[in-house]
Amino acid sequence: METTISSHFRIFFKFFSMNNLTIKELEQKSVKYRMALLKYIKMANAGHTGGSLSCTDILNVLYNDVMNVSPENFNDPNRDRYIQSKGHSVEALYVVLADQGFFPETELETMCRYKSPYVGHPTRKVNGIEFNTGALGHGLSISAGIALAAKKDKAPYRVFTLLGDGELAEGSNWEAAMLAAHYKLDNLVAILDHNTLQITGRNAEVCNPEPINEKWKAFGWNVVHVDGHNIAELSKVLDEAPTVPGKPTFVIARTTKGKGVSFMEDVKKWHHGVPTNEQYEIAINELGAEQIRLKN
Amino acid sequence: MPQSPENTKFHKADKLKNAQIKMTSTILKMGKANLEIFSETLIELGKNDKDILVVTSDSRGSGKLVPFGEQLPGQIVEVGIAEQNLVGVAAGLASTGKKVFAVSPSCFLTARSLEQVKNDVAYSNMPVTLIGISAGVSYGALGTTHHSLHDVAVFRAINNIDIVIPADNFETRHAIVAASQSKKPIFIKFGKKNMPNLPRLEQSFEIGKASVIREGNDVAFIACGETVAPAYEAAQILEEKGISAEVISMHTIKPLDKEAILKSAMKCKAVVTVEEHSIYGGLGEACSSLFMEERIYKPFKIVGIPDEETVSGLQTEIFDHYGISGKGLSETALNLL
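The listed protein sequences derive, respectively, from chains A and B. Just so we're aligned, residue 1 is where the first sequence starts under the working numbering, counting upward by one. Just so we're aligned, residue 1 is where the second sequence starts under the working numbering, counting upward by one.
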């Protein structure tokens, strides 16, 4: 029942939103975000490059196309919530939040510097960030708590959280998974940035999280698969989620670590690698070429 | 030196052999368990404020919260035996404006879910009240897995969380009411045995402000939680010997009421701290560092649980074993004077 009310609310919101972007415009934004996050990682000489490039499209679609959240309504109790459980990919979040107008993008020039609020993991000192995260395995419990509060208050908002696939080894996720199904949190959407790589190597070799699909289904979740770099698909899946009344939804977004930069793609060393000047130039040129291609 | 059966030498013990030891219960009116007061207070508060939520990890029975669940079924959230999730969910609920009490045995709440306390509650500044039930050695006979002698030490080192250890029913009730109105994270712990109603100079309670239970000027007992009662008993034993003992209930360990500690220490010849906690990292060390910084050099003893595998037994037996009793504490004071 709540899902139906929530869906109507969302359709109403979207209909009146002036910011509806086309798929092509969203694709252009992703390229812009990738260029920006590389710029600030390069300036800071620190950052989680591969994972940020991996989840850029997901964050782009969430903030520009799916969620009812903006600097104007950030204190509205009915805003949609986003909790970044894989907090280390904060650079992607920073550039998206800056683009949304939560703070001037130039402030990111201070990232990771002395006394800067823009530290290497999300903090509430930064406008637009709901929770301080960064230790893995926390976001799903927090999100479940918020979703539970929404149910108690009969509030229409949804809660989105982004998890890494290496993060699934954290046992606390499974405590939260049980709880979310038990309380039928169909206002909760967990998105898995499934790039198959973690700092040591392939998930399958470190501590195999598979079969991910069957595990979440067995825990009572509705499981959806999506190409995590296909803007149109992401838009459809995330906008519709959660699709099954009485169940939380787990979106397995298949992604590529380091997406968008040829020499970073699917290479583990870019987990928190910082490009040299030469590498940075090549990366920006590649993304620049993609930008031109999308404009034509 | 840590106290242990081997190295605890009460040199003046003989002097006390024939002293009549008045039992606390014969002097003070016995109250309820602080745990019961917590439950009763929370029901009262919850009935008037639907935003008050209790989150339990299969701990409603041991937390005396069955009546809360029966009377306010919409205000209790059960997460199952999952303490990490307990604290994460509590933080999420609190972020939406709920006044959340996360309740679990202190041994699990402050160890299993320590990272959630640090990040989701304290660092994220969510106004969650963490209730550590059956704290210290309340579960004495159940063994070390169920003892909580580290909680103050670890929480003292975490920024942005108050630590409150009420001594009796009065302090428990006021601590719970204060927590329900607080905008910041608080940890409150207590045991499950009936506690005597302690006298106090002023019938008031404020987090961060120590309560003077009894004034004196020879020795100061600075105690917290369920060790305040034996400190009071020790003061009475000492009185019979012509020694004037002050008893302070340092119910808030963080923020520490430095002024009250210094005032007591300045006027007394010796100071004894008492806590149901490891002698490392708790009230005693907080006081000792304060004394050093303030250049107060007086005979001083930290009484608590030494750094050894804790002796097995009931809470009262463990207390007696480590000198946390009227007799033991009065002997400790005599040794210092």
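These are calculated hints, taken from the structure and not from any lab test. All C-beta atoms, glycine included, are put in the ideal place defined by N, C-alpha and C. Check before you lean on any hint, since a few could be wrong.
As the list claims (entries may be wrong) - From chain B, some residues computed to sit far from chain A (all C-beta separations above 12 Å):
1) 44
2) 53
3) 57
4) 78
5) 143
6) 208
Claimed, not checked - Pair ranges (Cβ atoms, derived):
7) 239(A) with 160(B): 19 to 27 Å
8) 104(A) with 215(B): 21 to 29 Å
9) 282(A) with 307(B): 23 to 31 Å
10) 239(A) with 73(B): 31 to 39 Å
11) 160(B) with 115(A): 31 to 39 Å
12) 215(A) with 160(B): 33 to 41 Å
Each hint tested on the structure:
1. 44: Non-interface label stands for residue 44(B): nearest chain A Cβ at 21 Å, farther than 12 Å.
2. 53: violated, 8 Å
3. 57: violated, 10 Å
4. 78: violated, 9 Å
5. 143: holds, 24 Å
6. 208: Nearest chain A Cβ is 24 Å from residue 208(B), so the label holds.
7. 239(A) with 160(B): 19 to 27 Å: violated, 37 Å
8. 104(A) with 215(B): 21 to 29 Å: The hinted range 21 to 29 Å is violated for residue 104(A) and residue 215(B), with Cβ atoms some 59 Å apart.
9. 282(A) with 307(B): 23 to 31 Å: violated, 58 Å
10. 239(A) with 73(B): 31 to 39 Å: At 35 Å between Cβs, range holds.
11. 160(B) with 115(A): 31 to 39 Å: Given about 18 Å between the Cβ atoms, the range is violated.
12. 215(A) with 160(B): 33 to 41 Å: Since residue 215(A) and residue 160(B) have Cβ atoms about 36 Å apart, the given range 33 to 41 Å holds.
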